[in-house]
Amino acid sequence: MSDKKLCAAIAIAGAFATAVALAETAKAANDQEKCFGVSLKGKNDCAAGPGTSCAGTSKTNYQGDAWKYVPKGTCTSIVTPKGKGSLEPISH
Amino acid sequence: MTISADFDQGAFVRALLDPELPPPNELETPGGFRPERRFAVYRNNVCVGLVDALAERFPICLQLVGDEFFRAMAQCYVRERLPRTPMLFEYGDAFATFVSNFKPARELPYLPDVARLEYAVGAAYHAADAAPLPLELIRALPLDRLESATAVLHPSTQVVASAYPIVSIWRRHMSDEKMKPLELDRGEEALVVRPELAISVSPLPSGGSDFVDALRSGGTFGEAVNAATAVAMDFKLTDCLRELLLTGVFVAVSVAH
Amino acid sequence: MGARSAPEHCRERAASSLPARAGVGFKSVHFPDIEASARDVGFFEIHAENYMGAGGTPHAQLMPLRRDSPLSIHGVGLSIGGAEPLDRAHLGRLKTLVERYDPAAFSEHLAWSTQGTRFLNDLLPLPYNATTLAHVVAHVDEIQEALGRPILLENPAAYLRFQSSEYSEIEFLREVVRRTDCRLLLDVTNAYVSAANLGFSADEYIDAFPMSYVEEIHLAGYADDVDEVGAPLLIDAHCAPVPDAVWRLYDRALARRGPVATLIEWDNNIPSWPTLLAQATQAEAFLGRRRRAVEDSLRSEALHDDLG
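Those protein sequence lines, which keep their order, are chains L, C and B.
Using the working numbering, the letters of the first sequence correspond one by one to residues 350 to 441.
Using the working numbering, the letters of the second sequence correspond one by one to residues 144 to 400.
Using the working numbering, the letters of the third sequence correspond one by one to residues 1418 to 1725.
Think of the hints as simulated: they come from the structure by calculation, not from any bench.
Please note that a few of the clues may not be correct.
Simulated restraints on C-beta separations [unchecked claim]:
#	chain 1	residue 1	chain 2	residue 2	range
1	B	E1588	C	E163	34 to 40 angstroms
2	C	E163	B	R1706	24 to 30 angstroms
3	C	R249	B	R1505	38 to 44 angstroms
4	B	N1686	C	D377	48 to 54 angstroms
5	B	R1505	C	P252	39 to 45 angstroms
6	B	R1505	C	R282	26 to 32 angstroms
7	B	A1695	C	E163	56 to 62 angstroms
8	C	F176	B	L1715	47 to 53 angstroms
9	C	L160	B	R1709	48 to 54 angstroms
10	B	S1689	C	D377	18 to 24 angstroms
According to the in silico footprint, chain C covers these stretches of chain B (three or more CB under 8 angstroms from chain C) [as the list claims (entries may be wrong)]:
#	segment
11	1470–1478
12	1577–1585
Quantities reported herein were computed from a predicted structural model and do not represent experimental measurements.
Yeah, the Cβ is synthetic: ideal placement off N, Cα and C, and Gly gets one too.
Between the sequences and the hints, there should be enough to build the whole structure, so can you do that?
Structure, rendered in structure tokens:
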């Protein structure tokens, strides 16, 4: 084994030993990263849509100049490098 | 027996997807009236059904841009790219790329990576089951030989590296907690894994996603460290391993003799 | 036509071993309620395509559900009514799922949903003629061969009709049954919706339906709309309780068929578990009355025999 490989082996062994100890402590203290249950994503139904025939039939070509929506999310607490209000509608 | 020509499904689909086109000729209503509104039921089912599937699949993106914007954007995606299998949980695999090319969304540069993370979360939800290696067994491994050891990762394991703090964005939208404003001036590498049934999304230290990718493609721990340090000089191996151990990423470790 | 029709002795095989009780469509959100309750539901039905992933919550929920209750698997993606060959990969996935859970019944739709490599996520209509019949028969044969069991084929909800149709829907379904030996799933709501939309009598449809081949019934709520000229446009939206008119039509069907497995379908605006359960209880009441009517008539026949 080369010196370099030996050094790497020692470093990895040390890191692993420490990491296992840290993980055990974290598990025991129950401070592990919060896990989120996520419900079924993208499900198939054999139902028709929401029960009207008008939605989803718009003739607007959203891809072109006719685009009329601006992102206005519920999250307003993101700060961009440019400053505040990244989610404010930007007028073009 | 009369053999009629195959009915033109292609024309039906074209009319279904393009509201500018009239309904196919061969369709009729009992009173002989115009079939537009009746045909619109099918148009609506296809479009709204798929937009709904995307809204369920990308709930954080929806929160970030709002319902109106999301649905209009999703509709563009639907018209550009229909599902290629009947399994809707696979739909949206190209949504992140679509969003990155979608001009009206440019002012939210982190949106494509959040979409990438959400797709990874959905894929983890349906991934195969496997039992993570218990910490006691990992502790008993011959640690001095790990440099040349390889690992089997949990089938749900995925990493998404971003120039934006995507894990922090994801988390603040998953919880109702009030948090201080989020600075966008740093990137995060997300680890997604579902060792049991609950999905864990957590940040890895810089270089961590390369470390995981190297292990997953069959590389040794030594090679994975090299892959990580190649992109992050100050790669924090201990922190990375701690996160991987805590979230149950390792299903097996094979040590060469 | 002899070559295709099944020999008479094969016609005895049932496609379904579902109990003649009320069942509900299984929704993931109801799982904790189902676990906590006495689970007094005749059976659960799932959409096959939602369980084609390898693992995770879907299967973790389905396994105990299947262990404790009869299961019906309902496909929404085979595109039986299309002119194109079936998607073999999809049929393979379905075979894997059916082998894994060995359900009491497998059903699919008289409709199409795939064109080329594009899945349209809706149950689209087909004209009823010799050409489409040949496609449907070939597809049902292929599915039954792959799954090693007869399937149930469901009547669709119609909003329009095709000029090129040569058969009525019922004639078409009869022919498919005769040539493939499949069985039928009668969706009473679809019958009601189609009748209103296309201007025929729902009662006559039920009276003419090949009821001896029906092994499951579906019931659902629909959405009410009108078309350009103010004519009724009912939409099969699975978004509401079963309306009275559909219950009446259901009872008419039961009078001909006798008690049979009946599913409450509610896929949109999913209700609370007690609300869904109440719909099943209502169906169970219809089934009970019909069961007693059958028993009474048997008793009076026996009495007649004694006296005779």
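Subject >> Earlier hints that do not hold, by number >> reply: 2, 6, 7 and 10
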